[in-house]
Structure formats: structure tokens, C-alpha cells
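Spelled out from the first residue to the last, the chains are:
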Amino acid sequence: MNAKDIMIRQAHTIPVQCTIGEALRQMADLRIQAFPIVDEKKMVVGTLSFWQILEWAMPSYISQDDLSDVRFAPDLAQFHERLGELKPKPVTQVMNPQPPCVRPDDSVLACAVLIMKTPKTVYLLPVVETDQQLVGVISAWDIIKEITG
Amino acid sequence: MHETSIQTIFGFSPLWIATSILILTYAVIIAERFNRAIVALLGATAIIGTGVLTQDQAIQGIDFNTIGLLTGMMILVGITKECGIFQFLAIKAAKAAKGSPWGILVMLSIVTAVLSALLDNVTTVLLVAPVTLLIADELEISPYPLLFAEINASNTGGTATLIGDPPNIMIGSATSLTFNDFVIHLTPLAIVVFSATLISLWFIYGKTMFASPEARSRIMAFNEYEAIRDVGLLKYCLVVFSLVILGFILAHSIGMEPATIALGGAALLLLLCTFSLNIEQAGHKVHTMFGQVEWITIFFFCGLFIIVTGVEHTGLLQSIADWTVSLTAGNFTVTTLAILWVSAILSSIVDNIPFVATMIPMIKSMLPVFQQAGIPLEQAKSLWWALSLGACLGGNGTLVGASANLIVAGIAERNGVPFRFLPFFKVAFPLMILQILLSTLYIWMRYL
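Top line first, the protein sequences correspond to chains S and E. The numbering of the first sequence is my numbering, which starts it at 88 and goes up by one. The numbering of the second sequence is my numbering, which starts it at 21 and goes up by one.
Derived by calculation from the structure, the hints in this document are not laboratory data. Treat the hints with care, as some may be off.
Calculated lysine-lysine pairs in the DSBU-like style (CA-CA distance at most 35 Å, straight line) [what the hints assert, rightly or not]:
1) E:K101 <-> E:K305
2) E:K255 <-> E:K112
3) E:K118 <-> S:K174
4) E:K401 <-> E:K384
5) E:K227 <-> E:K255
6) E:K118 <-> E:K446
7) S:K174 <-> S:K128
8) E:K115 <-> S:K174
9) E:K112 <-> E:K227
10) S:K204 <-> E:K305
11) S:K204 <-> S:K232
12) E:K101 <-> S:K204
Full structure from sequences and hints, please.
Structure below.
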């Protein structure tokens, strides 16, 4: 079984000129945690996940684990402030510009290994041709479905 | 003095061999090119390899009291920090100050000083500094003054007790000075130095610190009880720590050394934490908890003790002690104050542990000379207080003066708060001079 057999061909994508605020709205509306970022020729230029936005919006001492538990703080004004500052900015500022991608003929096992190795950042794998042309996406769910038969 | 039985090694006297190894080791440690534990162990190997000491003599030179006390306290602190008590105290302190920036600076300094007096300084600042950054962000103020004050509080608090700072652990272990002696002789001065530093910081930073009522209310909304991650563990830690501190206070009467008390306390806490687990789970947990010990520091101490013992065996330290006494014309006052100031200046620049390790046998050699000159033993002990105050407070002088300083600077820089050598030095060094002046006055009035 290969990537092309389990990938979703009609993938939701976000155009490169989109803002982070718009991307967040799409994440909420479509209940999707991550998107491929594509240019006008449908070439993959990066991926953007909710985790990456959170990491940018959180103070660095939280995201870098100097302070790993903030249950004592009911809310953090600075988090909302940073998030507010991020929203009008382009997705290119936060996206991963060199996301792990797979080829249509890569095995499902190879896809699972990629997700296993970068569990924090990879909620989906873009499936691309050699010229980075997007042909589909594979999410962790697609792999779970395949594994469980 | 213990003359080594070997007269020459490769045609050189053991004194020159040991001195060369000491100087070379210290030079490489200061250069910070290689890990200090590796350098100290290689130096120790050279001391044994060249025949300055036999292996048995070298092992006897390792002060178990220092190693045991450090290891025991590291295990205790390593377990305790997991229950969230550090964060709880930091937030409680901030709320007690009603969110006022200056009040928070004072309260966080008090928490840091008290914790540093009872636990190790690095762990204290490692856990308090990130909460400080969050508090400062919520107050929309610069975290620099708070972090600066915490560095000073950590080193000053560490000065106050036998277990507060490695130099004190080494001094206490090498002498008959007890936990109570340190509390009686150093804690009062540490409180004065701490207060004087805070007053100075008020004029330097405090007058301009301001936060809006809205920002202050955000701090008041924090729930410090949510910071406690494991109530059961917290109870165990509090019980064991109370027993350990009580043990330190009664050590002299019950005939136990601090190392035994700390290691016993660590074993008891480990037992309590693993009591309900099966043998495999308990083994895994104990393995993790032993991993909390800073082995680099422990091996660094082992290596240093061997090197210094080697140098001591050749009679070099006795000669330097005699020379120092003759340089001050046998004047006890001048010698005491010279130890204080030289310790402070050197400790602000280089690691105070090798310095104190070298000074301890030297001061031990000086004591009989002064006693013969009619200085009472109680008064002669002020040499130890001078060494402790200089070595511990000296760490406040520069950014590289103590490990806690570098830890705070590292956390601050990583989070976008510039913490550079020169700006720190401009404020910290004069403050350190003030602290040593106060120490001079204290020693002068109380002992000289």
C-alpha cells in the first residue's frame, strides 16, 4: 500500500498570501489542525499547523519548557496580545517552509515513520510530485485507518 | 603538613609536580574550554600517577562530608521540585505584594533567599526565574530588576547557612563548625546585607517600577494552589525536609554529621515516594531520582579534593600560609580582612569552589600560628567566616561569579531579555563592594 492509495486528493489548502487570522478561522470552521500552504500554481511552499501558531503566540519561557505548567494562571493577557499581533501577519511568517513531504509512491510505513519522528509538528503530510506539485495529503487518521484495516 | 614519602619524581620534587598540576588544572578550569569535572579528574589522576599521593591517600583526601551532603541535598531538591512548591511560593509571594512591582521584587527576593539558604541556589533560580518572567510580562514591566534582585538574593541567602552554598558546605565539613554556628554567625549579617541590597535596589530600580491596576489584577487572579502538582509528594517532602533541618540543628548533640543526615533524609524520601510501587516501578523511579544528582559537580569536587590534598602533602600550602602570616606581620585583623577581600574579588571572577578548596588547608595551617600568638580560638574562627562571606558574596560581583547568575542570565537571554556582562557588572560590582564593606564592619565589630 502506497501514499497515493490512502491520500485525500481534494485537500484543503491555504494560499500563500493568506493571513494567520484567516488560517485560524479555516482551522476552526473545517475542524482541521494543519494545512499545506500553496502558491498560485498549487506548489507546496510550506505547512501550517495550529501547534506552530500556538508556539509563536505563547511566551518563549512556556514554549521552550522553562515553565511547563501554568495551571495557576487562569488566563494570560500576553498570549492574547501576541495572538492578536500575529493574526494580520502572513502565514509565511509562522509556517514550516521545509515541511516533510512524501511522494505518491512512498509506502504507508514511510509515511508513518515521518509522522512518528516529528509528532509535534506533523499533523499531515503533503503528497507531492518531484516539482512540489500537491497531489494530496495524508493525515495521521488516514494512516491509523490503514493500520487498523 | 604531611611530607610525601617520595623525595623526587622524574628528577623533580613532589612539591613542584603537585604545584604544576594544580596550576595547570586551575588554568584549564578557568579557561572553560573543557568540562570542569573532566579536568579535575585528570588532574587528580596525574597527582596519583606521578606518585605525589598513593591511591589510598587520594581517597582519604576526598571529603565524604561534602560529597555526601551535596548528594543528599541534590536528591532531596530533585524530588521536591517536582511537587510545584517553588512555583507555589513564587506566586504566593507575588500575590502577597498585591501585584505591586516593587513589592513583588522584595517578596520574590525573600522567597529566593530563604530557599537558597536551605536548598541549592541553582535549582532555586532555575524554578523561580521562569515564573518571574511570566509575572513581569503580565505586569507589563521589565523583568530585569526582578531577576537581578533574585541573583543577589540567591547568593546572599546561600551565605546564611551551612547548607546554603558549596563553600559553606566545604568549610563546615572541614572544621568543627556546626549548622547552628553558621546560623548564629552568618545569618544575622546575611539579613543585613540582604536588606541593604534591597534598599540600594529601590534607588536603582524601585522608584521607577510601575504597573497599572488592570495588570496587577491579573497577578491577583493567579491561583497558587493550582501550581501544586502532587499534594501527597508535597507532604512527604515537607515532613522529610523538616526532619533534615531539625537533624542539622541537633547534629552536634546527636553526634551525626550533616552528610549522614542529608543522605538519610534522601533515602527516607525515596522510600516514601516508592513505598506503594512494585519493585520494578520503584527501581525505575529511584533510577530517575538518582539522575537528579549533578554528577558533574560531585566528580568535580572529588578531583579537586585529591589535587588539593596532593599539594597539601607536599607542604606547599603550609609554606604559603606561613608566608601570608609573615606578610601581614602576624597581624590577625589584617589577615582576616585580607582573606575576606581577596576571597570576594577572586570569587567574583573565578569559580569559588577551587579557591575555597585551596584556602581551607591554608587557614587550617594559620590557626595554630595565631593561637600561639594569643588569639582565642573563638576569635580565630572568624577566619572561616571571612572566607565564607568573601567566597559566597563575591559571587554577586559579576555575571560569571556564581552558577546561579549564569543560569538566570541564560533563561533571560533565551527569552529575549538582554542580560550582559558589562551592564550587570556596573550595578552588581558596587553592590558587592557594599556587601563586603558591611561584612568588614561586622567582622571588625564582632570578632576583631
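Against the structure, the hints come out as follows:
1. Among the hinted pairs, K101 (chain E) with K305 (chain E) is consistent with the structure: their alpha-carbon atoms are about 15 Å apart, no more than 35 Å.
2. With a CA separation close to 18 Å, the supplied pair K255 (chain E) and K112 (chain E) stays within the 35 Å bound.
3. With a C-alpha separation of about 33 Å, the suggested pairing of K118 (chain E) with K174 (chain S) holds against the 35 Å cut-off.
4. With a C-alpha separation of about 10 Å, the suggested pairing of K401 (chain E) with K384 (chain E) holds against the 35 Å cut-off.
5. Under the criterion of a C-alpha separation no larger than 35 Å, the hint pairing K227 (chain E) with K255 (chain E) is inconsistent with the structure, at around 40 Å.
6. Taking the CA atoms of K118 (chain E) and K446 (chain E), the gap is near 31 Å; set against the 35 Å cutoff, the hint holds.
7. Straight-line distance between C-alpha atoms of K174 (chain S) and K128 (chain S) comes to about 25 Å, which keeps the hinted pair within the 35 Å bound.
8. Proposed proximity of K115 (chain E) and K174 (chain S) is supported: the alpha carbons are some 33 Å apart, at most 35 Å.
9. A threshold of 35 Å between alpha carbons decides the hint, and for K112 (chain E) with K227 (chain E) the separation of about 23 Å falls inside it, so the pair holds.
10. Between K204 (chain S) and K305 (chain E), the direct Cα distance comes to roughly 26 Å. Compliance with the 35 Å bound is thereby established for this hinted pair.
11. Straight-line distance between C-alpha atoms of K204 (chain S) and K232 (chain S) comes to about 19 Å, which keeps the hinted pair within the 35 Å bound.
12. Under the criterion of a C-alpha separation no larger than 35 Å, the hint pairing K101 (chain E) with K204 (chain S) is consistent with the structure, at around 30 Å.
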